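K.L.:
For the record, the sequence lines run as chains A and B.
Going left to right, the first sequence walks through residues 1 to 326 as the numbering used here numbers them.
Going left to right, the second sequence walks through residues 1 to 520 as the numbering used here numbers them.
Read the hints as simulated data drawn from the structure, not as lab findings.
Keep in mind that this is a model prediction, so the values were computed, not measured.
Treat the hints with care, as some may be off.
Said to hold, decoys possible - Only part of the chain A face toward chain B is listed, based on derived beta-carbon distances under 7 Å:
| # | residue |
| --- | --- |
| 1 | F82 |
| 2 | M165 |
| 3 | A274 |
What the hints assert, rightly or not - 30 Å max Cα-Cα, derived DSSO-like pairs, lysine-lysine:
| # | chain 1 | residue 1 | chain 2 | residue 2 |
| --- | --- | --- | --- | --- |
| 4 | B | K300 | B | K353 |
| 5 | B | K155 | B | K122 |
| 6 | B | K155 | B | K212 |
| 7 | B | K353 | B | K415 |
| 8 | A | K187 | B | K129 |
| 9 | B | K353 | A | K187 |
Virtual Cβ for every residue (Gly too), placed ideally from N, Cα, C.
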Amino acid sequence: MAAYILRRLLQAIVVVWGAATLVFAILHLSPGDPAVNLVGENATEEQFELVRESLGLNLPLHERYVRYLGELLSGDLGISWFVGQPTLDMLAERLPDTIELTLVAAIVCIPLAILLGVLSAVWPRTLVDYSSNFVALIGVSTPNFWLGVMLILLFAVELRWLPSMGRGPFITVALGAMLEGNFEPLKQWASHIILPAITLGTFMMALVTRLTRTDIMENMRQPYVKVARAKGMSKGGVIFHHVLPNSLISVVTFIGLEVGTLLGGAIVTETIFAWPGMGRLMVESILRRDYPVIQGGVLLISFIFVFVNLIVDLIYLWLDPRIRLK
Amino acid sequence: MTTYSKLPLTTSRREILKYAGAAGIASVVGVPGLGTRTALAQGGDFDEFFVAMWSGMPNLDPEQNTIRTCLIAQNWLFDPLIWRNNDSNELEPYLAEEYSFVGNNTWRFRIRQGVRFHNGEKLDAHAVKFSMDRRLSEDVGSPNAKSFSDIIETKVVDEYTVDFVCSSPFPMLPAYMPTFSIMAPQYYSENSMQHLALNPVGSGPFRLVEFKPDDILRVERNDDYWGQTPAIKRVTAPIVEEDATRVASLLAGDLHISPRPVMEDFDRINATEGTMVSTSIGNRIVVAGLNYDLEPMNDKRVRQALNYAVDTATLNDVYLRGTGELLAGLLPSTVVGHDPALEPYPYDPEMAKSLLRDAGYPDGFETTIEVNPGWLIAGTEVTQALQNFLKQVGIEAALQIRDAGTLSSRITSRKAGPIYMLSWGGNSTFDADSYLEVLLDEGAWSCNTMPEVRELVQAGRATADQAEREEIYKQASQIVREEAPYLFMYLQPNTYGIATNHNWRARPDEMIPLWHVNRV
C-alpha cells in the first residue's frame, strides 16, 4: 500500500513538472510581448527594453527556464507583473472561491445524476428512462456559456428572483451567521451561487447520469445478481448492496477526472457570472500575458488534477478489494 | 464571447416561462429583493451606486498602470490639478485654482488651499512636486512617465504654487493633467509598491473601502471633501468582463452604469423601462494601418485606392448605429487641431480600381488584414466587412485574428499587416500631438514614413501658442489626408447602458466621474 502511494506520488511529480515545462514553453515561445501591455503601446523602445530587462525577458530561453525551475523548487511563484502581489497569495485568495463553486456544482448535480441513472436503469424504456435521457441529452448539448446567460435572463432579468452576477458571503461566514440565528447571509450565499453551480454542473450531471445507467444495466446482467435474487434478496437490496458499489468504480473514476475538468470549465462560468475564482484570474492574466500568474495557475490546476486522481485511486482500493490484492 | 445577438431576445416573459421547468430550484433560495437591486429603490441620496467595469483593474497605484478602468476608479479616489468640464469637455482648473504658461518653458499652477488627503496629510505644492517626481522616478518605473518626459524639474515656488520646468514649451501639458493624480507624500514614501498597489490614498470625493484586484472595488463618500459632496454614499464597481452579463445586470436592475454594451443590445436597453443607452462622441479613432515597409502599401495610389474602396458610412450605420463620425484624417472633431474643411474620402470603387490600375495592379492583389477584435467595436465583423469591400475592387485580403500583445508587438516592430486594424484614443488628451506623434513616421504605433509631418509635429511642440499650433496641425492634416498612411474610418463613440434614475451621461473622455451625479 505504502509503495503504491509512493509510486503514485513520484508519477505525480513528473506530471506536474511536465505541466510546468509545457506552460513555460508555450508562454515564452508564442509571439507577443508582455512589455507592451505593461508600459503602454506608445512607450519608447528603450522603455520596452528596460521592462524586458527587469522581468528577465531578454535572457536566453534556457536561462529563463533554469531560473524559473529554481524559483519553483524554492516555492517562489513570483510576483504578478500587473497586480504587483505575490502569485501564491493571489492564487490562494481565488482558489477557495473556485473550489466552493466546484463543490457546490458537484454536490447539486452528482447525487441527482446518480439517482436519475439508477432510476432509468431500473425502469428502462419507461417514461422515467426517457425523461432522464432527455435531461441528460439537454445537459450534454448545452454549452455553459449559453446556459449561463439564459439562466441570468430567466431568473435575474425576467423573474427577478436571483442576482445576475457576483458572489455573496463566503460559505463559512454564512454558516457562522446561521448558527447565530441570522439566515440572511446564507440566503445571499445561496442566491448568488445557485446559477453558476447549475451552469457548471449540468454537463457533468448529464454524463454521470448516462454512465450510471449503462453501468448498472450491465451489472444487472451479471450472474451474482441472479444468485443474490435466488437467495431471496429484494431487487432494491441487490441494487443498493451489490450493483451500485460495483457500478460506482467507473463513476468515481469519471468524477475524479471531471472534477479537474470542472476547474477548467469554471473559467467560462466564472467569467459569465463575475465569480471571483481562479478561472477569471487566469483569463485576465492570459489576456495581459502576466506570465508568473499564468504559470502559477496552471501549475496549481495540474497539481489539483493529479491530487484528485490520486485520491480517486485510493478510493478504488477501498471500493474494490481485488485491486488491493493485485 | 457571447453576445445577445445569438440569444432569443424577442422571447417574451410568457415564452421563457414555458421553458422554466427549473424555476423551482431558484424558488427554493430566491426571494424578491435579494442581491443588489434593493439599493435602487430607495429615495434621496443613493445609498449604493453600482458601476460595472468591462475589464480587470489589477491595481490602483496611479504609477503602476495605464489601464482605462483603473484610471476611472483612481479618479474617484484622487484629485487631478485640471479636469474636463462635464458639458463642454474643455479643460478647467480643479485642484489647481489657476494655471498658466509663464515663459522660459515653465508652467505655473496655483493649488487650492485647505485640501487634505484621506489620511489627514495636507495637500500643497510639496505634494504636487512629490507626485510628479514619483511619476518621473526611474525607481518607480511608471508607465505614465513618457507622456511627462518633457518636464525637467518641478519647483515649489511657495506653499501653494508649483512650477513645471520643461525642456520645451510642452503645450500639451494641461491636456495630460486630468489623469495626473496627486498622492499623499508621506504615505507614498513610507509604503512598499506592493502595499500601494492595493491601498490608494488620495484626496478625491470617495475613499477606499475594499479593493480586490480584478474582482471588485468598493468606495464610500468622502464627507470631508473640499468640493461638492457627492449624493452617492457608496459605490460598488464589480468587474464584469462578459458583455451579455453586463447588459443583463443592467436590465435586472443590478447596475446603474453598464459600459460598452454591444450595439445589438441598444434597442433592448432603450425598450426596457428604467434603462437607456447613453453615447458620446469620444476620442477613439478607428483606422486601418497600412504598412509602408510591405508592398504594395509603399505606393500612395494603392493607399488612396483603399480609402476610396471602403464605404465607411455604411460601416458606421451598420456597426455603430450611425453614432460614429467619419474621419477625413487622423484628427477627429473633438481634437484641437482638427480641420473641418477636410472631407472624408468618398466611397468610389471605380476610382479605387482606376488608382489600382495606375499603380500596376489592374487585377488587384492578395494581402493580409490583422485585427485584435477587442480594440474596436464589433472588431471581427467590421474587419470582415472591410475585407468584402476590398474584394469588390479585386483585393483579396486574408483575415488574421491576433491577440492584443501580439499585434501590438508586430506594430511596434513594423511587421504588422500590410493592413492592420487599429484604434487610438490619443491618451485622452484631445490634442493633435498625441495622435500625430504616435501614429505617424517613427511613432511607437506607426508603420509609415512621413518626415514632413514629423517636422510639423516638432514645430507644434515648440510653441505654447494654441492658435499657431492649430494652424500647424491643419497643415499636417492636409498632408496626411493626401498621403493616406491609413484607411481612415470613423471616430468610435463611447457607449453605456444606464439606469434612468440618475443624471450621469456618457462623456467624450471615457471617464465616469460620480461626485456630481444626482437622482432624477
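K.L.:
Against each hint, give a clear statement of whether it holds in the structure.
P.N.:
Hint check:
The closest approach between the C-beta of F82/A and any C-beta of chain B is roughly 4 Å, which is under the 7 Å cut-off, so the hint is satisfied. For M165/A, the suggested interface contact is upheld, since its CB lies about 5 Å from the closest CB of chain B, less than 7 Å. Contact between A274/A and chain B, as hinted, is supported at the beta carbon level, the nearest pair being about 5 Å apart and thus within 7 Å. Taking the CA atoms of K300/B and K353/B, the gap is about 14 Å. The hint holds against a cut of 30 Å.
Restraint check: the Cα-Cα separation between K155/B and K122/B comes to about 18 Å, which is no more than 30 Å; the hinted pair holds. At most 30 Å may separate the alpha-carbon atoms for a hinted pair to count; K155/B and K212/B exceed this at roughly 37 Å. For a cut-off of 30 Å, the pair hint linking K353/B to K415/B stands: about 27 Å separates their Cα positions. With a C-alpha separation of about 51 Å, the suggested pairing of K187/A with K129/B is violated against the 30 Å cut-off.
As the CA atoms of K353/B and K187/A are separated by approximately 66 Å, the hinted pair breaks the 30 Å bound.
In the structure shown, a violation is registered for the earlier hints numbered 6, 8, 9, in ascending order.
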